[in-house]
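J.: So the chains spell out like this:
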Amino acid sequence: MLKKLMLALPVVAMMSGAAIAADDYPDRSIRFIIGFGAGGNADTVARLLAEPMTKDLGQPVVVESKPGAGGNVASDFVSKSDPDGYTMQLMVGGHAVSAAMYNSQPFDPLADFTFISTIGQFPFFVAAQAGAYENIEDLIAKAKAAPGTIKIGHSGVGSTQNLTGELMDLETGADFIHVPYKGGAAAATALLGGEVDVVIDTGTIMTPQQEAGKFDILAVSSKDRWPDKPEVPTLAETVAPGFDVVSWTGVGMPAGVDPAIADKVRASVHAAIADPEVSARIEKLGAKPSPSSGEDMRAMVDSQIAVWKKVVDSAGIQKR
Amino acid sequence: MIDQFLLGLSVVLQPEVLMYAFFGVFLGQVIGVLPGVGAITAISLLLPVTFYLDPTSSVILLAGIYYGSQYGGAIASILLNLPGTPSSVVTCLEGYPLARSGRAGFALLITALSSFVGSMIGVVVVVLAAIPMAAFALKFGAPEYTMLVALGLVAASLISSGSQLRAFSMALVGIALGMVGSDASTGQYRFVATDALADGISLVSLAMGLFGLSEIIRNAANSEARKSKIQLSFKDIFPSKAELRSLVAPVGRGATIGSFFGALPGTGAAIASFMSYAFERRVSRTPEKFGKGHLPGLCAPEASNNAAAQTSFIPTLTLGVPGDAVMALIIGALILNGIIPGPRLIVDEPELFWGVIASFFVGNIILLIINIPLIGIWVRLLSIPYYRLYPAIVLLICVGVYSHRSSVTDVVLTLVFGLIGYIMKRYRFEPAPVLLGFVLGPMLEENFRRTMLLYGGDFSVFVTRPISAVLVGCGALLLGFTLLSAFISHRRALKAKHQQGGSYSV
Numbered sequence: 001m002l003k004k005l006m007l008a009l010p011v012v013a014m015m016s017g018a019a020i021a022a023d024d025y026p027d028r029s030i031r032f033i034i035g036f037g038a039g040g041n042a043d044t045v046a047r048l049l050a051e052p053m054t055k056d057l058g059q060p061v062v063v064e065s066k067p068g069a070g071g072n073v074a075s076d077f078v079s080k081s082d083p084d085g086y087t088m089q090l091m092v093g094g095h096a097v098s099a100a101m102y103n104s105q106p107f108d109p110l111a112d113f114t115f116i117s118t119i120g121q122f123p124f125f126v127a128a129q130a131g132a133y134e135n136i137e138d139l140i141a142k143a144k145a146a147p148g149t150i151k152i153g154h155s156g157v158g159s160t161q162n163l164t165g166e167l168m169d170l171e172t173g174a175d176f177i178h179v180p181y182k183g184g185a186a187a188a189t190a191l192l193g194g195e196v197d198v199v200i201d202t203g204t205i206m207t208p209q210q211e212a213g214k215f216d217i218l219a220v221s222s223k224d225r226w227p228d229k230p231e232v233p234t235l236a237e238t239v240a241p242g243f244d245v246v247s248w249t250g251v252g253m254p255a256g257v258d259p260a261i262a263d264k265v266r267a268s269v270h271a272a273i274a275d276p277e278v279s280a281r282i283e284k285l286g287a288k289p290s291p292s293s294g295e296d297m298r299a300m301v302d303s304q305i306a307v308w309k310k311v312v313d314s315a316g317i318q319k320r
Numbered sequence: 001m002i003d004q005f006l007l008g009l010s011v012v013l014q015p016e017v018l019m020y021a022f023f024g025v026f027l028g029q030v031i032g033v034l035p036g037v038g039a040i041t042a043i044s045l046l047l048p049v050t051f052y053l054d055p056t057s058s059v060i061l062l063a064g065i066y067y068g069s070q071y072g073g074a075i076a077s078i079l080l081n082l083p084g085t086p087s088s089v090v091t092c093l094e095g096y097p098l099a100r101s102g103r104a105g106f107a108l109l110i111t112a113l114s115s116f117v118g119s120m121i122g123v124v125v126v127v128l129a130a131i132p133m134a135a136f137a138l139k140f141g142a143p144e145y146t147m148l149v150a151l152g153l154v155a156a157s158l159i160s161s162g163s164q165l166r167a168f169s170m171a172l173v174g175i176a177l178g179m180v181g182s183d184a185s186t187g188q189y190r191f192v193a194t195d196a197l198a199d200g201i202s203l204v205s206l207a208m209g210l211f212g213l214s215e216i217i218r219n220a221a222n223s224e225a226r227k228s229k230i231q232l233s234f235k236d237i238f239p240s241k242a243e244l245r246s247l248v249a250p251v252g253r254g255a256t257i258g259s260f261f262g263a264l265p266g267t268g269a270a271i272a273s274f275m276s277y278a279f280e281r282r283v284s285r286t287p288e289k290f291g292k293g294h295l296p297g298l299c300a301p302e303a304s305n306n307a308a309a310q311t312s313f314i315p316t317l318t319l320g321v322p323g324d325a326v327m328a329l330i331i332g333a334l335i336l337n338g339i340i341p342g343p344r345l346i347v348d349e350p351e352l353f354w355g356v357i358a359s360f361f362v363g364n365i366i367l368l369i370i371n372i373p374l375i376g377i378w379v380r381l382l383s384i385p386y387y388r389l390y391p392a393i394v395l396l397i398c399v400g401v402y403s404h405r406s407s408v409t410d411v412v413l414t415l416v417f418g419l420i421g422y423i424m425k426r427y428r429f430e431p432a433p434v435l436l437g438f439v440l441g442p443m444l445e446e447n448f449r450r451t452m453l454l455y456g457g458d459f460s461v462f463v464t465r466p467i468s469a470v471l472v473g474c475g476a477l478l479l480g481f482t483l484l485s486a487f488i489s490h491r492r493a494l495k496a497k498h499q500q501g502g503s504y505s506v
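Taken in sequence, the protein lines are chains E and D.
End of the first sequence sits at 320 in the working numbering; the numbers just go up one at a time, nothing left out.
End of the second sequence sits at 506 in the working numbering; the numbers just go up one at a time, nothing left out.
Misleading hints may appear alongside valid ones.
Calculated pairs, DMTMM-like style, for lysine to aspartate or glutamate (alpha carbon to alpha carbon, straight line, at most 25 angstroms) [unchecked claim]: (1) E:K229 - E:D138; (2) E:K151 - D:E445; (3) E:K142 - D:D458.
Pulled from the structure, derived: some chain E residues nowhere near chain D, Cβ distances all over 12 angstroms [what the hints assert, rightly or not]: (4) R28; (5) D43; (6) P67; (7) M101; (8) G131; (9) P230; (10) E237; (11) A271; (12) P289; (13) S290; (14) A299; (15) D302; (16) K319.
If you are wondering where the hints come from, they were derived from the structure by calculation, not from laboratory data.
For each residue, glycine too, the CB sits at the ideal point set by N, CA and C.
Turn these sequences into a full structure, and let the hints steer you where they fit.
T.: Below, the structure written as C-alpha cells:
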C-alpha cells in the first residue's frame, strides 16, 4: 500500500510544477524502473541500490516493475519519460541484445538514453558433464570432427547465453546444435540428465554443480580470467582469440538529463556500490562490482550492439 | 533418515523459527484466498525482508507462503468459483456446485482435510525418497515430457461433463490462446498485437475471467442464482464416518499422482490436479455425478496439488534446479544469503535442508489448525448481499490481476474473458478445457519441438526410450478404453432402441 502511495508522489509533485535545478535535486521521490518481474536478478540489484541511494539522496528511490518483451516495455517507457532526473532505469545486458534481436524498436538504444554507470559485470561459463571432455580445446576439436552433433543447451532464443554460444560457433568454426530451454536452470537440468552436452550460463548456476562434482567448467567468456575462478581458462586464450563477452547491470536515464543531475546520481550510485555490504551481495549474485563513467558505459553498449548484430546475422537467427 | 528428520524438527521448533513458519503459512493462506494474487507476488514482495533473516528462516517463511497458498486457493474456488491458482481450477468444478447447494462449510472442511492428508503424504515422500526421486526426475527429457503432456491432454479430454465435441473445440481455443507470445523454439513473436502481449496472455487473467468474473455476470443477470444458501450448524459441516471412509481411496490416489508430478521440474501442481481429477473420473463407478459436487472429484485433486506442492521442493533442494518461478525465487533468497543451493546442500547444510523439510510437517499442522475455525467465517462471507459482495470482488480481481505483471492490458483482457465466459456458459461451452489447452498446449509444443531438434527429427525416440514408451502405452490404453466403452454404450443404446422399435412393429 505504502509502495502504491509512493508511486503517486511524483505525479503530485509534477502537478505542483517544481522547478528543475541541480541544487535542489532531488526534492521528491525518484522512480527506479526495472524491465523484469519482481524477484528476479534485476529486481534484486535494483532493491540493493535503492536503499543506500535513498539515504544518500535524501529522497525515496522507489523500485517499479514494468516487465515485458525482454525489458523493452521498460526501456520504451523510460526513453519517453521527462529527463528531469526523477526517472531512472535498471539496465541489463539485454539492452544491447534487444537492439540486435528486434527488427525495429520504438526507441533508439543509444541516442534516447543518458548513461549513468554500470553496476556489476558478469561472464558466462562453458560447462559439460564431469569427465566428458578433457578441456575446452578437446570440446572444440570433437565438435569440429563431427559437425552438428554436439548440443549446447541455453536459456532461450535471443538470450545473451544463446548469442554467446552462436558467437563461439562463429569464432571457432565449430558447428553446435543450439537447444533452447526456459531459463538457465532448465538448461542445467538437461545437462545433469545428459540431454545436452554443454551449457553456457552464469556462475550462480554452474558453481554449485561444479562443487558437487557434476559439471566441469571448461572456459569463461570474458577477455581475462575471472577473479572468482582463476583456474578456468578464457575462450580467448584457448580456442577463440579476442573472444570477450560479459553481461552487466547498469543505471540509465532518458536522454537530455542535466549533466549536473546526472553527475549527482552517478556519485550516489558509485557510493552505493562502494558500500561493503552492497558490493558483497553483488558478488554473491556472481557479478564483479564495476562502477563506471557514463561515457564508458555508453561505449560498452555501443560495441556490444555491434557484436550481437553480427552474431544474429551470421547465425541466421530470425529477428522479432 | 529419521535421525535427520528429528534434527530438522529441533531446528523448526525453536520459537523464532516456528514463528516464521506460522507467519509464512498464515500469509500464504490469506494471499491464496485473494483472487488473482498468487504466491509469486507475495514471495517477491517479502524477498527483501529475507536479507535480514538467516537462510533457514528465510526459506521456511517463503516456502510456507507457497504451500499455504495452496490451501487458500481452494477457499475462493469453492465459495465464489474464483480459482486463485491454476491448480484450483478443478476445485471449482466440484466445490462450487457444493457451495451453491448450501454445503460450503462441508466442502471447505473436506478440502482442508484432503489438503492436509495430501501434504503429509507429500512430506513423507520427500523425507523418504527425495534423492532417488530426484534421480528419476532427471531421466525425464524432452521426449518424456512430450508424451507426459500428451497423456495429460488425453486424460483431460475426459474432464468435460457435457458434449465431447464442445470440450474438444474449447481445448483447441485454449491452445490457440496459449500460442500468443514468443515462440520458444525460434523466439519469433506470434499474434503479438501490442507489446503488452509479447510475453503471452496471462494465465491468471484467463482463469479469473472465464471462471470468476463470468459467474459474477451470470449471477447478476439471474435473480434466482443470487440467493445464497448458508448452513452454519457444525453438525452439517462434519462428514459422516461412511463418507470419510469412502474418501480414503481418492485422497490416496490423488496424493500419489501429486507426489509424482510435483517432483518433475516444470510440471507441477496444476497438471497434477488435472490428472488426478481425470483419473478419479475414469475409475469412478458413477462418472455422471462429476461436475455436480461429487466428493471424490473434490478430494483427489486437492490432495494431489498439495502433495505436489511439497514434492516440488525435491529438485530445488536436492539438485539446486528450480522447477518453476516460485522455486527460482526461493533459490534467489538462498543465494542472497550466501548459500548457493546445489547437490551438496544436503551434505553441507543439513540443518537447513532438514529444517525446511521438517517445517513442511509443522506448517501443515498449523494450517489445519487455523483452517477449521476459519470455515465459519469464510462461509459467512456468502451472507453479504450480492450488491456489496460482487463489486468488491470485481475490484479485488482487477487488483490481483494487475499485481502479477503490472499490466493494464491484463486487466482489460480479464474483463473481456469475463464476458466471453458468460456467453460460453449461456451456450453450454465449458471453460475448464480452455484452461487445460492453454496450459498444456504450449508445453506440448515446446517439448515436441525440442525433441525434434535434439534427435534430428526422429520420431522413433518416443517408443525407443523406455519411460516415453510406457507413457505412450498408457495414453493408447486410456484412449482405447474410452473409445471402447463409448462404442459399447452406443451399441447398447442402439440395441435398446432396436428392441423398442421391434416391439412397435408387432
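J.: Could you run down the list of hints and mark each one as holding or not?
T.: Cross-check of the supplied hints:
Only pairs whose Cα atoms come within 25 angstroms are accepted, and E:K229 paired with E:D138 is accepted, the gap being roughly 20 angstroms. For the suggested pair E:K151 and D:E445, the alpha carbons sit about 20 angstroms apart, so the restraint of at most 25 angstroms is met. Annotation: proposed proximity of E:K142 to D:D458 holds, straight-line Cα distance about 23 angstroms (limit 25 angstroms). A cut-off of 12 angstroms between C-beta atoms confirms that E:R28 is not in contact with chain D; the least separation is 21 angstroms.
Not every CB of chain D is more than 12 angstroms from the CB of E:D43 (nearest about 7 angstroms), against its label as outside the interface. Residue-level check failed: E:P67 sits 5 angstroms from the nearest beta carbon of chain D, not beyond 12 angstroms. Not every CB of chain D lies more than 12 angstroms from the CB of E:M101, the least distance being 7 angstroms, so the non-interface label is violated. Listed as outside the interface, E:G131 is consistent with that label: its C-beta sits roughly 16 angstroms from the nearest C-beta of chain D, beyond the 12 angstroms cut-off.
Non-interface status of E:P230 relative to chain D is upheld: no Cβ of that chain comes within 12 angstroms, the nearest being about 19 angstroms off. For E:E237, the condition that its CB be more than 12 angstroms from all CB atoms of chain D holds, with the nearest at approximately 27 angstroms. Listed as a non-interface residue, E:A271 keeps its Cβ farther than 12 angstroms from every Cβ of chain D; the least gap is roughly 19 angstroms. Under the 12 angstroms C-beta cut-off, the non-interface status given to E:P289 relative to chain D holds; the minimum distance is some 15 angstroms.
At roughly 19 angstroms from the closest C-beta of chain D, the C-beta of E:S290 stays outside 12 angstroms, upholding its exclusion from the interface. Consistency note on E:A299: stated as away from chain D, and its beta-carbon is indeed over 12 angstroms from all of that chain's, at 28 angstroms minimum. Every C-beta of chain D lies more than 12 angstroms from that of E:D302, the closest at about 23 angstroms, which supports listing it as non-interface. Once the 12 angstroms rule is applied to beta carbons, E:K319 is inconsistent with being away from chain D; the minimum gap is 9 angstroms.
Of the numbered hints listed earlier, those contradicted by the structure are 5, 6, 7 and 16.
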